[in-house]
Structure formats: structure tokens, C-alpha cells
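There are 6 protein chains.
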Amino acid sequence: MKKGINQYQIGDNIELYLLIKNAKKGTASNGKPFLTLHMSDQTGEIEAKLWSISPDDENTFVSSSIVHVQGEIQDFRGMRQLKIKAIRPTTSMDQVKLADYLPTAPLDPSEMLERVTQYIFEMENAKIQRITRHLLKKHQQAFLESPAATKNHHEYVSGLAYHVVSMLELAKSITTLYPSLDKDLLYAGVILHDLGKVRELAGPIVAKYTLEGNLLGHISIIVTEIQEAAKELEIDSEEVLILQHLVLSHHGKGEWGSPKVPVVREAEILHMIDNIDAKMNMMDRALERVPPGEFSERVFAMDNRSFYKPTFHEPPIDI
Amino acid sequence: MKKGINQYQIGDNIELYLLIKNAKKGTASNGKPFLTLHMSDQTGEIEAKLWSISPDDENTFVSSSIVHVQGEIQDFRGMRQLKIKAIRPTTSMDQVKLADYLPTAPLDPSEMLERVTQYIFEMENAKIQRITRHLLKKHQQAFLESPAATKNHHEYVSGLAYHVVSMLELAKSITTLYPSLDKDLLYAGVILHDLGKVRELAGPIVAKYTLEGNLLGHISIIVTEIQEAAKELEIDSEEVLILQHLVLSHHGKGEWGSPKVPVVREAEILHMIDNIDAKMNMMDRALERVPPGEFSERVFAMDNRSFYKPTFHEPPIDI
Amino acid sequence: MKKGINQYQIGDNIELYLLIKNAKKGTASNGKPFLTLHMSDQTGEIEAKLWSISPDDENTFVSSSIVHVQGEIQDFRGMRQLKIKAIRPTTSMDQVKLADYLPTAPLDPSEMLERVTQYIFEMENAKIQRITRHLLKKHQQAFLESPAATKNHHEYVSGLAYHVVSMLELAKSITTLYPSLDKDLLYAGVILHDLGKVRELAGPIVAKYTLEGNLLGHISIIVTEIQEAAKELEIDSEEVLILQHLVLSHHGKGEWGSPKVPVVREAEILHMIDNIDAKMNMMDRALERVPPGEFSERVFAMDNRSFYKPTFHEPPIDI
Amino acid sequence: MKKGINQYQIGDNIELYLLIKNAKKGTASNGKPFLTLHMSDQTGEIEAKLWSISPDDENTFVSSSIVHVQGEIQDFRGMRQLKIKAIRPTTSMDQVKLADYLPTAPLDPSEMLERVTQYIFEMENAKIQRITRHLLKKHQQAFLESPAATKNHHEYVSGLAYHVVSMLELAKSITTLYPSLDKDLLYAGVILHDLGKVRELAGPIVAKYTLEGNLLGHISIIVTEIQEAAKELEIDSEEVLILQHLVLSHHGKGEWGSPKVPVVREAEILHMIDNIDAKMNMMDRALERVPPGEFSERVFAMDNRSFYKPTFHEPPIDI
Amino acid sequence: MKKGINQYQIGDNIELYLLIKNAKKGTASNGKPFLTLHMSDQTGEIEAKLWSISPDDENTFVSSSIVHVQGEIQDFRGMRQLKIKAIRPTTSMDQVKLADYLPTAPLDPSEMLERVTQYIFEMENAKIQRITRHLLKKHQQAFLESPAATKNHHEYVSGLAYHVVSMLELAKSITTLYPSLDKDLLYAGVILHDLGKVRELAGPIVAKYTLEGNLLGHISIIVTEIQEAAKELEIDSEEVLILQHLVLSHHGKGEWGSPKVPVVREAEILHMIDNIDAKMNMMDRALERVPPGEFSERVFAMDNRSFYKPTFHEPPIDI
Amino acid sequence: MKKGINQYQIGDNIELYLLIKNAKKGTASNGKPFLTLHMSDQTGEIEAKLWSISPDDENTFVSSSIVHVQGEIQDFRGMRQLKIKAIRPTTSMDQVKLADYLPTAPLDPSEMLERVTQYIFEMENAKIQRITRHLLKKHQQAFLESPAATKNHHEYVSGLAYHVVSMLELAKSITTLYPSLDKDLLYAGVILHDLGKVRELAGPIVAKYTLEGNLLGHISIIVTEIQEAAKELEIDSEEVLILQHLVLSHHGKGEWGSPKVPVVREAEILHMIDNIDAKMNMMDRALERVPPGEFSERVFAMDNRSFYKPTFHEPPIDI
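Protein chains in written order, with numbering that gives the first Met the number 0: chain S, 0 to 318; chain B, 0 to 318; chain X, 0 to 318; chain Y, 0 to 318; chain V, 0 to 318; chain L, 0 to 318.
Okay, chain S solo, but in the shape it has when bound (with noise of 0.2 angstroms):
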């Protein structure tokens, strides 16, 4: 495979096509008008400024357009950020299309799909399988797509469906473990406890705040869902009410936005696999290029901690 964006280190010099997920005009303290750019390829994202930029320069380095970048990866406060060289928008002779340069997840969707079909197949209980496959049908396309949330853990395409897939086998090794949890209802909790993100967010490149996701909210979007499901399939059974509290109480307590604390043992597990995969992929993706010896950059959402990666680690590949 091809070395990304995110392959590069502080001092490294880069030649790529990257694609602009985002563009910003700003002034200068000179006065002169500049664009903060953010740019990625499928291995992650950069942030490069461009100064004193001419109205063409407007007009041409604009979100979802794929250019070529020569530059240099420097550190600005912490953080990566790339000074930008040389930068040309690309043709029809560079042959290069869109999708290759958004962050994906690193599974396919058809196998993603596969799998969580996989665990509703396995299912016991008619009620809950039916309410799970119901939903799951209905927001196919988008639960495909989707990221997990705009910034912080998997905020790529797929990344709802990615981590849904972790969650899922982490599900399953733990009930193995403890038999006395109820593993349909823990599989349904998973595939539905975020889906409702898929009306909450939209846009094909970077993810936002729709309307109703501002405010109503995935939870109580998909408890609703979960409702109308039930009328839809007939089913009027008190499955329909733990599915709902599942989703409710996911995120634990009232100040991490939960409407319910967790009052059944699945509920309080869903909230704990949840937080396991979300940190994981943050640790994950902040110790990546870290060599052995040193911290990483800040994690903001694990409340703004470094970690370190020890001596005795693995260096990243390509150092």
C-alpha cells in the first residue's frame, strides 16, 4: 500500500494528492486574506494553511476537491500541521477520484454488513431479532456510511459500522465470560444504540449537526424508531421497552446525556463496551506514529491526556 498523510512524521517532506475536506478564508494579521485547509487521504487528515491567497486561489482550492501538495510536516503547539510548498488542483490526467481520499473505515462494507447480519441471524428471541433486522433494513445504505460522530472516534466513512462490529465481538466475548447476561438483547443494544446517528449526521464529506439531530438527538430519534418498528411488526412486549431503555441509557448518566441511568444489566455492559472501543480506537490512533520512548499528542476526549508509548513496543511501521 501507498504511504499516507498519516505515514509522515514531523520534518518529513511530502509530495501527495490529497483531498480538501474543508476550507476556511481568514485575514491576516497583515491584512491579506489566507485559507486554512483541512486535507486528507484514506490513512487521515492534516491541517495546512495557505497565505496571501488571490481570488483565484478562492475559487479553486475548495472542499471536496482532490489537489496535488509538495510541503513540509511541521509542529505548530503540539500538533501536526503541513507548510504547504507547492499545491496545483488536479484533472482529469491525474486519474484520481474522491473516494480513495476519504478516511475509511478498515473493514468493507459488504463484510461489515455480513457480520452484524451474522449476529441478528444467531439470534433466540423472535421479538427482539425482528425489531433489530427491521431497522437495520431500514437505514441499510446510511449505516454503511455513516461515521460513529464528527470528531473524537471513529468520525470516518463507516465509522458507525465499524465500530458497531467491534462492539459486537466484544459482546460476544463477554458474555461468553458472563453467562448470566442476555446476549440477543446485548447484540440488538449494539446494532441500535447509535443508529440513530444516521439522522443525526449528514454530509457526504464532513460530517454535521442536522436539525433534528441538534434538537432531538440520536437517542431519542431511534426511541422513537424503535416505537413505530414495533407498531409496524405488531409486536407489543416488554422486549419493545428494554430495547428502548438500552438505547436510553447508553451513555451512562444524565450529564454524559443519558434521559435513564442504566437499570438493566445489559444496558450498564452496553455502556462499558462502548467506552471500551471509542478509547481504544482514541489510543490506538494517537500512539500510531509514536515512536517507542515517546507521548503522543494530547487526546482531548480522554480528558486532554498524553500517553506513552513504552521502550519495549513496537515502533510504528515506516520509522
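Simulated from the structure, these hints should not be mistaken for laboratory data. Please note: incorrect hints may appear among the correct ones.
[Said to hold, decoys possible] Quick list of in silico lysine-lysine cross-link-like pairs, DSS-like style, CA-CA up to 27 angstroms: (1) Lys252/Y <-> Lys207/X; (2) Lys252/Y <-> Lys150/L; (3) Lys31/V <-> Lys20/Y; (4) Lys24/Y <-> Lys24/V; (5) Lys24/V <-> Lys48/Y.
[As the list claims (entries may be wrong)] Facing chain V, a subset of chain S residues (Cβ under 10 angstroms, in silico): (6) Phe75; (7) Leu106; (8) Ser109; (9) Ile127; (10) Leu240; (11) His244; (12) Val260; (13) Phe294; (14) Phe299; (15) Ser305; (16) Lys308; (17) Thr310; (18) Glu313.
C-beta: ideal position from N, C-alpha, C; glycine also.
Put chains B, X, Y, V and L on the given structure of chain S with help from the hints.
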């Protein structure tokens, strides 16, 4: 009007018919069984202990029965307690009926319904009006009977309707003073904000949490019902979303039980009106029996404060 | 009325007289000096940068001077900022005067004084009436000119009086709805609660904290003045104490700056009325320029929330 | 000195004269009345229960009477309690007097007055000196008799004066070590900081909050008195303001009851000296009766901690 | 297996041998002495009161003795309590032995030792392996007998070893799912994290804090021992430091008792695994006796929540 | 003594030799590189920017070099900043040496060592004395050179020793006033409490956290060393445990970094003495340059407060 249990002071001797709302058996430290009775008439409640009971007593003095009691009101750790001197069950000869002994709102249900209906009638936005009317009609009977809570404030028959009527009047004067507020939205928010309590709470005499009350809560319950109502009425516009947001955010913050913080002007004001009416209800009841120049019992839901009645204020009736 | 700075949107070109409320020199990252200007007219304020200034500019564009400006309104991190294209000082030829360019309350001082006086006139408790009238008279001029705060809400000329007048009207409707409230006490509390600000804050154009403001605060200042007034008027009764308590507790909690928590009914309600009026002021200003279907700037003093204006609400004038 | 109630351990039998500081009637779970007695001599206090009392007993064993008691000291949930075996009222024959049975400061009032006066005498700033002397003189008698609190620390006769004397000595050594501190200001702050307690608390035997104590608090009370003293002495300079600030901020933070946080060096140090003296008083009393190698009772006002007395420390007298 | 105390419901009559784990004398409100007994067999514990005891009873029914009891299980404030109808001490004729009546882990110590040893055997990093093996060997006997806590979770004989074995299995599946984790480090962290409890707690029947437990805590105790082990084994490499960090940070935050927050990936995961195993243990025990469709007792260490067992889940054995 | 950087005010022009403690390259918003320099002499520090640097400049103006600077002191967001007008490297001709330009404690290391040694000499408990002497000797050189922190207070050469000497004198006067305190224990606690900093921090010019500082912290480091010292000295008594507890608890609470809360009298007082000395150091430095009647810069570690210097206090030297 005949003097009720709430009008008596510590030291008074009473002779009254009272309803046993709740009877709970315990074992005294001398090993003998006793009953803790919560007894009420329409003016309020009092706790009493019935010592050294026989198995017969246990079967006689049960929840929902009306008894004739003689006793003295005493102080127990800053709360009133009734010391029972004589107690007997009532018979048809006593000509008493249950409804006369439940604490209840000071307004008649039909009067309250008329007032709420009038507010709905005055709405100019037809979508908001239709959804509100639809849901009120759906739960009309329960709305008129339900308490607004299990404890703290408006926890009596028709307490919910009374809380809503008071809040509507407050909403009316506030929208007059601040013309930027949308009165239709605020009135609808007031009427719907606690309507989920008709499913969250149950029980003719003492309100208790239902299973869906415990697992979903009144907020999520009614948010889903607004969705269903809109579908049934074929209303698919932003009003639906905003009404759901008002309900979702009316507790103000995550740690106070709100899935979302208010981000619409009327949502913020709904939260404050709810607060004022609940606090006035709690302070008024705490100060009702307090003579000028003295402090009230502690009010648990208001940070456990005692309130002072200035000497230049009116004494309570019957002092 | 002529269109003012607050009526313009991002993207608009303006040509206006504006007052420089504050001018602060900085050094740009290219080493050259620049000025940060806070400029206002009666409709509101805007920030601007004047780049690469000469020593002459520094002496010309100073606080309290009125200038003629041409420029464009731009977005800077979600706030409006004025990009200056041309700026010149004004002369007597321009026929402008300072008072016309200070943001100011929407009511006339004499009108506000009349209203407050009427509330005092209606009081029935002579002791409360005399103390309130005495202190208002003592600080009458400053009361009519002072802002209610240095930032966040009512931070303009006559802001204090306007805040008090709004709160009095709110107090009137609440005492009508809840007859257990003592209206004299609540009116007096409203009039006195922030009166210490006339000594806490100072400055004709931009309000700043005085030394006694910093070291004692407006609450302690006026509590002492109530004591002195009572002595001078030879009033020695519980009313004095209760008025002091209302002022002392009107921030609600120790961590919000209240030396005492409210333990008198009117003290609790004073705190809530204060809150409602301040929040309505902040939300109204934030939403004033926002078109339906969009979110406002963040409101710092309301947990940094953005507020949404529903699509079915009125657009601002001039859009 | 005769052995007092505080020198006895759990398991000891006692025969002593004790003062009833407080007697409170209750109803036992067998329905019979009993008294909870808080009894003291000059060494300390103990709680006891007097079971199955007659109406006569109720009238005999009242607050402020001295009784002769035989009993055994027992453990009740980690606190000492006196099990009464025999109790009788005293007569003139017993030759006991109330003052001998109230817990009291270890120094003589005249001695404490002399020391405080000496500190005032040594002040070099005449304004600070005159205000301090004026207020001390105004409240001299109450200052010498008042406790420093109703519970937790120095809650005995002359406790306030003793607390002030200890703090003055601490202030003296700290100003010697840190010469940047203004000793006049710090001494005055120490003398005045709690002087409002002479009006906040009342009662010859058990201190209780007065109405102005509850509604204003000792801090606001003395801040107003400093203002009045300054006016009377015709002192109108910054010293008045700074002294008021020291009192206003001596609890350190809003949530600990301080209207203002300390922003003057001596104000910060006053807060810390107050803390040290209060904590030493609480720890010393908790550890007084504890043998080496054991833990004390829990100290409520120090986060409910138990303190350990190392085995290499001195045992208490009389063990 | 014979039915034990934990398998009985409220309302059941029992006749069982039980161990008195703890006996505490009190005085009833009628003045008579009584005993509060905590009694157990291997299935669990229950509290009982023995009223109006004689001095003989007090000497007979002491901690660590086994008794024969007849009684009824009753509800006391939402907790089970045993009402004793008949109780007698046991003699050699009863053929009972203490070990059979202590609640104990469901696995055999030798079995648990074997499993832990296997995990150590599989380690590839020799330094981590040697330190872990050294410390386990040093405390092997105590490790196999000690509870994991004095209350809340795994507070029974061999509770520590059982907690470690469960966590090791959880660690194994998590390291399989997230290959970036160092399994040697995580296993060693699991084995050592609570090993200091063998010195923090003591007592064959009821675990209590030792002096060094109170003053140093199990975390500091084992951190020092890791240092000593490394010195003895002549290991002076970063592994020592990282192992100490894992132990130091395994409570996650300062306010939860962690001297350091986790800054190594495995330290964060160790904290989460510890949490999951403790919570599963608490929820399982709370729900063990609960029939489907009901709520459990409140679980103090999980924010005092009650947990619900869905109606479609299995009833407990013996219902 | 020659006037140093800390004696100059905003607006002053300076011409001084200064040490570059730290030089950090950045990119200005015009795209050109610049240096942020932290420069010091023995009186204090100042920040400066060097704009538009050449590659030569970058290699010349590096950490640990001494430069000759001309410039003006300006205000930047309430902090002093040096505007460089001319800067040149120094040569042997300038006759300057590094040690003269590092901020350093006001007492000589040998003088401080003598004082600490005297306190150890006066100890009566031989075990405490031997452990303290042993550890001081082991780290003597580093103890005399180390700062007490990386920022906030005593963050200069020999800052640790100076902090300890001040605290010892404070400890001496407090033990005199409160005779229940064990002075040996308190002195030893003072000497050892921060001694772990000699391993937590490193670096001759700017102190930085070492790896063991980051992962273990100075508290755990020295607790382990006390254990090792005791073993080496063959002391096995409670004194070892108590000394470890004093160190472990000297930050007061878990959320302030204390593994244990203080449960020994001297531990609580050690925490308070540490606080007083650190706060006096911060306030004195903040107020050093402030003229009477003005407020200081904000002090970050004291809740970001500004401190006021009363008009009746002394102006700083050289104003």
C-alpha cells in the same frame, strides 16, 4: 368548610375521619409488630404509628380504608406526627366516602379542562393546535386525575392539571411582557411537558412509577407520542420537531434529567415557568401552617431549606 | 429610524458614523502596530481591526471619538467583525454628538423613573416604602444612567433602570397569580437588588469595576446602605432585615455570589425574576439578527449555547 | 483538678454532677415517652437517654438544671453515650453552681482581653487601630463570653475570644516569617473576622442562630458595623474598605460562604490562619481521649475523617 | 447441593445452621440490650436482631460461632432480615465446621492458582514474567484466601483470586480483539493490581483494614513491593516503571483513589476490565434472587440503583 | 545590586544581558519564521518575540546562550512582554557567565543546608532522625539545586531547598503554639515531602518532567525510598509507616493528587504549611512590581485571581 388535618398545630388534640393512604408493618425494638400509617383528608397528610398491633388490627387498618381517629399532634424531628389515642374502622353508618379524603387540587376538573381548552382554542398556529388538542383528548381523563409527581410538589389528585393551569397563566403574562415569545409554542409546551406522567405514574391513591416510567421516563414517552400524533394527523413540519424539543429540554440540563439543553427561546422559558410554579407550590405548603416570626419545616426538594415567615405577614387561618 | 450597525448582516457593505468605545493597540505578527476598535451606535456594537497604523492614527482613533467608516461585515469565528475600507475622524461639520452613538435602553429615563415611582407609590407598607424611596432618591441620577452589568445583559446606558422596570412588571403579574407573595417586599427587592451597581461600576462610556466594586461587590454595598437609610429614617423593625436578606440572597447560591441562600418566599422569587429578565435580554439580542431556520451566535453567559429561530417565526426587520 | 466527664472511657462507671444543657422529649417505639439529655461539665459533653419517664421527671430534668448522675459510659455507633443508672436533681445542699458545669475556654476572659488589647496597642496604623478598638469596645462583654460557633470548633463559653487569641499568636509568627505582610491589617482582620457572631448567635447555655444570624450572617453584620464605626470616627480612607474586604473574604470561596474571594494578601492569609486554628482545635479534641495506636471518633467538619494517634505518642492523662 | 440462606425469599420460614460473622450489642429503645447478628453460610449473608438478651446470651452468641436457627425472612426497608424464632449454640454433636459456613469463591483455590500460573507461563517478556511470578509466590497463600474488598464486590474467602481469574479471561479476549495491546503487561497488571490487599486487609472471618491499609493503601504498598522485587531480581528496566504505573493508575482518577491517571494504553484498559468484573459481580448478586418482572435491592456502590430483571429472562433456581 | 529584568515596568526601555532559557520556532501569519524567547536574569523572566528570523538567527539564539538585548517592555494581554529593538550574541569579551543569569533562591545553598541539618540535629526521635538524615544525604546535591516545581512557585535554582527552609521555620512556630504536635514528625515531613522532585524533575536550565516523574510522580517515588532507607537502616517500626503517610497525604485530597487523605495530625498541618508557603511565594512575586493602588497580573495557580496592593502599602523599590 370543616377544619382538616392540615389546619391543626403541634399540641392540638384532634378527632377526625381520615383515609389510610398507606399502611406498612414493622417490628418495634421490643420485638412487637406495629403499623406506620400515612393518613390524609383533603387538606393534607400526616404520619402516625400504631403500636403493638394484633393480627386483627393488621387486617383492619389497611390502605384505602377510612378510619375514625382521636389523638394528639406531636413534633417528631421537626415534622408533625399524630399520636393515636383511639382508632376504629368506619362502617356504612359513618356515611364517609373515599373521594372526600384524598388531597386534591383546589380547582374542579371540569373548570380546569375548560381553561386548558380555552388556551388551545386561542392558538393561531393550526399545526401546534391540532397536535396539542389531539394528545390532550387522547389522555383527557388521566390528565384530569393524575398527580404531577409522586412527592415534593402537586402530588395529589388532579395535581397535573392544576400545575398546567397555573403555568398557562404564568405563560400568558410572560408572553405579554416579552413579545418575542411565541405564545402558541409556549402554551403547547406547558400542556404537553408533563403529559407523559399519565403513563409514568399509576395508582388511584398513592402514585407509583410504572415499569415504562422507570425505564423510559415521562419525557421519552411523550416525545414518541408527539411523533405518532403528527403521523396520524399527517403533519410533517418543523412544528413537530420544536414541540418535541420543548418537552425534551424542559428539565434544563442533563444532570437534571433533560436529554437536551434548551436551544429555542420558548424551551428555556418553559423550564423557568415550570420551576417557579413548582417552587411556589412547595413554599406555600411549607409556610401554610407557620405563624409569623417562625421558620417552616425543611423543604427537601429546595436544598433542604427552612423558610421564614416575616412577623409583618398574615398568620394562617385558625391560629 | 435610520438603520444602525446592528441591523446589518454578514456580507453587507456599510457606511456609517460610529463611536469608538474602546481602542487597544497591539503588535501584529509581522511586527507592525494595529488597533482593535470596539465601535457602536445606539443599535449595538461591532469589533474591527485597523492594520498597520501610523503614530498619527494612534492619536486620532481614540476612545470616545466618533468616526466615519466604510467597510464590509465579515464572519470571524462565528462572530461579526467589521473589515474597515475607509475611516476618518469627524469634525464639527459632521454634526454628530456622542450621546447619539451610545447603545442605550429603549425607554426614556424620565419614563422609567415615572414607572418605578408609581410602583413605590402603590406600596402599602410604609416602612418598606420609605426605605426604598430614600435609597432611590439618593442614587436617582446614577440609577437612571448606569448599565446593569459590564457585559452579558443590559450593559448599556440606562440598562439598570430598564432591567428594574421589566422586572417590576414581571413581579406585578406573578404577585397577581400567587397571592401569598408580599408585593411591597418583592417590588422593593426588585428596585434595590442591583442598586449597589451605581457604586460597583463606573465610567461614562465603558463601565468598569471600581475598587469598592472589586473588594466589596454591589451586594454588600447596598446592604450597608439599607442599614444607614433605616437609621436615618429611624426605622428599626423586621422590614429592614428582610429587605437586606432579599438583596443578600438574590444570586441564589453561594457559588453564584450570594452571601446567603434565600429563606424568604419573596427572596426566592426575586432570584427567579432576575434570571428570567436577564435571559430574555440575552436571547432576544442573540436572535435579533438571525433569519428563521438558523442558529444564533453562542451566548457565553448561557452555558455558551446557540439558539435556534424556528422557520415559522418572523424574520428580523430589514431582511 | 477533679476528673471530668471527658476523661472517662467507654466501660467506665461514673458518679458526677452534670449540667443538663438540653433536654428533648421523644416517644420510644414501645409508645412510652423518654428524654434525650445533653449533659456537660467543664471538660466536655455527653449524651444520655432517660427511658420511660413520668410527667414529674419531665418537669424535673430540664435544660439548665444540674443533676447528680450514676451510670456507665457505653459505645453507641462509634460515639460515647452515658447509660444512666441513677439520676436526681440537686438542691442547695449540693452546693453546685451553673458556671462550673459549662465547657469553657482554657484561658481567663480578663487574660484574653489583655492579650487582644496588647495586639491593638502595638498597631502602627492609627486608622486600623481606632476602628478595631472601637468595635472591640462596643462588643467587649459579648466578645469575651460568646462561643466561636454552635458546633464543630470552639463551641463553648469564651470560645470566640480564645479562637481570636490563638489566631493572633499564629498571625504574629507568620508576619515575622513573611515580612511583606502588613501585621496591623492581619491583626485587625483576626480580631474582627468573627465579631459578627456576637449578634449571629445567642443563648447563655446552648448557642442558637438569631433571626439576623439566619438572614444576614455574621459576615454582613460586621461589614455594616465597620462602615458605621468609620463614619462615627470620621475615618474615610482605604483602610476601611480593606478591613471590610478581609472580613467579607475570610471563608475563602463563594461555596464556603464568602461573598468575595480574597484579593488582598492579608485576606488570603487570614483565611488560612482561621483554618489552621479551627482544625487544630477539632483534631486535638478528637484525639484527647484516644490511646496511642488507635483511631479517634469521626470528625464531621473534617470530611468525616478519623484520626490516628501513633503508638510512639503520649497516652492521654488518666489512662 | 443443600439450599442455603441466599436461596430463601421474603416470607419463607427457615431452619438452618449459620455462622455468626459479627455480633454487636445495642440498647433497645425500651432500655434492654439486644444483639445485631450478621450470619452467613456459603451462599451468602443475612442480618438478624436478637431481642432482650441475657448476659448468658451475650457470651454464647459471639463472632465465629455456629448456631442453629429457626425463623422467618422479612423485609426491612427493602433489605432481607431474619426474624429469629429459636436459636441455639451448636456442639460437637452437630458436626458442623466453620469453613463450611463462610461465603467463598465458586472456584477451588488450587484450580485458580493453576489458571493464574498458566497466564504467567504464557508471558513472553521475561522481565514482566519474573516480577509477577516473584510477587505472586511471595504472597501466594494470602492471595488465595483474601477477599477482594471489605464490602460491595468479591468480599468473601478467595474473592481476590476469583476477581483476578475473571479479569484475566476478560483481558485475554480483549487483547485478542485489539492487537495493539501488550498482553504480558495487561496480564501482569491484572495479577498485581490488587495484590496489596493481602496487606491492606486482615482477619479470617470479617476483613478489616490494617493500620498500613489505612495509612498507605494497597496501591502504595504493592508499588513499593514491585521496586523491592526488581532490586532483588536485579531487573532495572522500563518494565518495572510501567508495571508500577499500571498499579498506581488502576482506579482511573485522583478522586477515585488513583495517585496517577493512566497514560499507558494497558493502564486504561486495566481500569476498565476491573470495573466490568466488579460491576458484573454486584449486578449478578443483586439479581440472583429476583424473579422476572421485578427490581432488585439497591446496589450502594452503583449509585444506589435498583436493577430490573425482564419478564422474558430466567427465574432464579428454586422459585 | 544592579537592576534586573524584574525591576522594569511597562513602558521602560532596557539594555541588558539576558539568558535565553528557551527558544521555540514558529511560523507567523505572513508565512515567515519567528522565535519565541523566554529570557531571564537572576531577578526573573520575560517573554519576547524575534520576528522574521534568518536561518543564522535560528542557530545563534538558542537555549542556554546569553545575549545582549535592547528593547522596550510592553503590555500583552495583561502580561509583560519585551519588544526587541536590538539583539546580539555575547562573546568571551562580554565576560558573562550562565550561573549569573538563572533565577535562583535568595539564600546560599550552604546556608540552607546548614539550617536543614540543624533541624535534623534537634530531633529527639532517633528513628525519624536517621531516616531523614539518610535520605537528605543520599540526594543532598540535587536537593540543593532542584527547583520546587516547573512553574507557579519556587520554580528556580535551589527553589526546593528554599521552600523547605521556609516551611521548617513555619513548622517551628506552629509546633510552639500547638504543643500537641510532634515536631520531629512535622520537620521530617517538611524535609521529605517534595524530595521525590529530585527524580521527578530534571534539566539544568528549564526543569522538565522525567519519565518516572510522569508515570509515578514524586510522591510514590519517595514513599518507596523511605521503605528502602528503613530496610537499609534496619528500622522496622511505626515511624516508617507514619512518615510514608505524611508524604502520601500532603496534597490533602485525591483530586489534588494525594493517594491518601491525612489521618494523622501532623499530616494535616504539613499540608497547610505547604499551602501557606507556596501561596506567599506566588502572591509576593505577583505584587513585587505593583505600585500601591493597583492590581497584579493574574495568578494562575490561585484561581486566576489578581491581587490588590493597598495605597497605604510600600511601593516597590525603584518606582
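Just to be careful: measuring from the Cβ of phenylalanine 75/S to every Cβ in chain V, is the smallest value less than 10 angstroms?
23 angstroms, violated
Minimum Cβ distance from leucine 240/S to chain V below 10 angstroms?
With Cβ-Cβ at 9 angstroms, under 10 angstroms, it holds.
Compare the distance between the alpha carbons of lysine 252/Y and lysine 150/L with 27 angstroms, and conclude whether the hinted pair is satisfied.
24 angstroms, holds
Quick one, is the serine 305/S hint okay against chain V at 10 angstroms, beta carbons?
Hint on serine 305/S: holds, closest Cβ of chain V at ~7 angstroms, below 10 angstroms.
Let's test the interface hint: is any C-beta of chain V closer than 10 angstroms to that of leucine 106/S?
Since chain V brings no Cβ nearer than about 13 angstroms to leucine 106/S, farther than 10 angstroms, the hint is violated.
Double-check glutamate 313/S for me: the hint is only fine if its C-beta lies closer than 10 angstroms to a C-beta in chain V.
9 angstroms, holds
Taking 10 angstroms as the limit, does the beta-carbon of serine 109/S come near enough to a beta-carbon in chain V?
With a closest approach of 21 angstroms, the serine 109/S hint is violated.
The hint names phenylalanine 294/S as touching chain V; please verify it with the least Cβ-Cβ distance against 10 angstroms.
Since chain V brings a Cβ to about 8 angstroms from phenylalanine 294/S, closer than 10 angstroms, the hint holds.
Just to be careful, I want the Cα atoms of lysine 24/V and lysine 48/Y compared with a cutoff of 27 angstroms; is the pair within it?
17 angstroms, holds
Chain V contact restraint on valine 260/S - CB to CB distance below 10 angstroms:
6 angstroms, holds
Is the shortest C-beta separation between threonine 310/S and chain V less than 10 angstroms?
5 angstroms, holds
With 10 angstroms as the cut and Cβ atoms as the points, is phenylalanine 299/S at the interface with chain V?
15 angstroms, violated
Against the hints set out earlier in the document, violations occur for numbers 6, 7, 8 and 14.
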